[in-house]
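Heads up: the sequence lines are chains A and B, in that order. Reading the first sequence from the start, the letters are residues 1 to 347 in my numbering. Reading the second sequence from the start, the letters are residues 348 to 555 in my numbering.
Hints in this document: simulated from the structure, not taken from any laboratory. All values derive from a computational prediction rather than experimental measurement. Backbone N, C-alpha and C define an ideal beta-carbon position, used for all residues, glycine too. You may find that some hints are simply not true.
[To be verified] In silico PhoX-like cross-links for lysine-lysine, where the CA-CA straight-line distance does not exceed 25 Å: (1) B:K472 / B:K417; (2) A:K249 / A:K182; (3) B:K505 / A:K148; (4) A:K70 / B:K417.
[Unchecked claim] Some chain A residues flagged as far from chain B (calculated, every beta-carbon gap over 10 Å): (5) R26; (6) T78; (7) V111; (8) G125; (9) K190; (10) Y277.
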Amino acid sequence: MEATKKENNLIVSVSPHVKSDETTSRIMWTVSLALLPAMASGLYFFGPKAFFITALCIVSSLVFEQAYMKIVGKKSVTGDGSALLTGLLLGMNMPASLWSFSPFTVHVPIVASFVAIVITKQLFGGLGFNVFNPALIGRAFALISWPKAMTIWNEPTAAFLAMDAKTTATPLGVLKEEGIAKLIEIFGDKMSLYQHLLTGNRAGSIGETSAIALLIGGIFLLAKRYITWHIPVSFLGSAALMAWVFGGKGALFTGDPIVHLISGGMMLGAWFMATDYVTSPSMKNGQIIFGVGCGLLTMLIRLKGGYPEGVMFAILIMNCFAPLIDRGVRSKVFGAVKQDKSKEIKK
Amino acid sequence: MSSSNINLKELFLNGIVKENTIFKLALSLCPSIAVTNNLKNGVFMGAAVLFVQLMVNITISLIRNIIQPKVRLPIFMLVISGWVTVTQLLMAAFVPDVYSKVGLYIALIVAFASILARAEMFASKNSIVPSMVDGLGMGIGFLFALTVISFFRELVGKGSLWGYAIINTKPLLILILPAGGFFAVGILMALFNWINARYAAKAAAGSH
Chain A
1 MEATKKENNL IVSVSPHVKS DETTSRIMWT VSLALLPAMA SGLYFFGPKA FFITALCIVS
61 SLVFEQAYMK IVGKKSVTGD GSALLTGLLL GMNMPASLWS FSPFTVHVPI VASFVAIVIT
121 KQLFGGLGFN VFNPALIGRA FALISWPKAM TIWNEPTAAF LAMDAKTTAT PLGVLKEEGI
181 AKLIEIFGDK MSLYQHLLTG NRAGSIGETS AIALLIGGIF LLAKRYITWH IPVSFLGSAA
241 LMAWVFGGKG ALFTGDPIVH LISGGMMLGA WFMATDYVTS PSMKNGQIIF GVGCGLLTML
301 IRLKGGYPEG VMFAILIMNC FAPLIDRGVR SKVFGAVKQD KSKEIKK
Chain B
348 MSSSNINLKE LFLNGIVKEN TIFKLALSLC PSIAVTNNLK NGVFMGAAVL FVQLMVNITI
408 SLIRNIIQPK VRLPIFMLVI SGWVTVTQLL MAAFVPDVYS KVGLYIALIV AFASILARAE
468 MFASKNSIVP SMVDGLGMGI GFLFALTVIS FFRELVGKGS LWGYAIINTK PLLILILPAG
528 GFFAVGILMA LFNWINARYA AKAAAGSH
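Isolated chain A (complex conformation):
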């Protein structure tokens, strides 16, 4: 009798028994924090328009998330910050020139937020079930629907209150249309080109321009162990290799990998988009395959495709393969023996 009494006092719970204090919302807020330097640089170079566009994306993402939860009667998880992060990433992937009333293009960020939150994330089952990166689908939808509005690039003004800006081509646009020589000519010399690309003083989407700020955010995430090196390094490495081998005109091995690495959305994509937990493989060796695939596809689109930039489509295409990669690299169960089929037949 005594024994059963003791048994009743035991607390029975399922594993895991050791838990860390990491939560979804904490991760989301930390990643948002890591994006702050790049965001600040975007605001510095593109002025109040950049702020309005990003704010519009964040607010409409939050509103759509909350409204969807309300309509379908699910418990609201808007506070976990995932919609906020999606909105922030979406805003950072849009050109600041969208804040324009004639022609009217302010609806573009709102529709893109709807596609990102409702269609890409919620209709597939909410956070954790989405096949594709929501922010990237939102941007892809906008780019395909409004190709003109999404590719008007403002020249960086570096003035906080400037509402007017000249439009210009992005470095990758110039690289695609006129080649590296013209690009160097625009910025003076090669060092000046690198400097402009690193600091973010160039045309582009709001949050993608400053390679240094993005790198700071990425290294912060690495240091906090929120991401591992596998995806960014394999992504950037394979892209650099491709750029070096095939990027030159005429001869092989004459390309400039550095220009490709620090222009376009490469840094933002490699550190913040491709590393999304939900849409990338969870095994380390799978992540390397994923990263290499992203890098190769990006460079294939940049060098041979119709668009000057390929990071977005490359990551989206690899997103489809993430579950397949995870299946392919599944490690052997410890202690399991490979079945010998010839023996079975003998029996």
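Following the hints, position chain B against chain A.
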């Protein structure tokens, strides 16, 4: 089965609502995405299917008693391809501009599961009047679906209808691209089923 105990109205509506080829059975989705980026193509495609479905049902129903059951499927296929050829020739003669765009998909009507299924399941077992009504219902259901999809896609994607500009704002270009076809069919399918469910719920509440 005599024709008297078949409710013709219900039979007619069955093809449009309960067993709508595209929205309910999710069959023939290839043409419903490929040719529906403008209203004109969508309507002619739908009309072609309506014509083939109707004529096949009538023909099969007429010859149902002289078909050897063992070879009925090849005979159905022959009848279907015969009527598809008639449709092709008619369209090539009277609407050559549409035919040049949707011609390939007209030929594909031969392989439509819905047409063979109606021939096998309905027309070969019923007399001519119910078969005709059934063919009309299924065909009109298809025409309806294609019209709605292409109406939606052309209006929102291009801001025009039947080739004429309607609204003068920037269109949602993605809807006339193939990717947008999937979006449009998915959204309209959801809408169709949602309205149906609501209607059914109301009817159930009303009968109590």
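Quick check: which numbered hints come out false for this structure? Hints 4, 7 not satisfied by this model.
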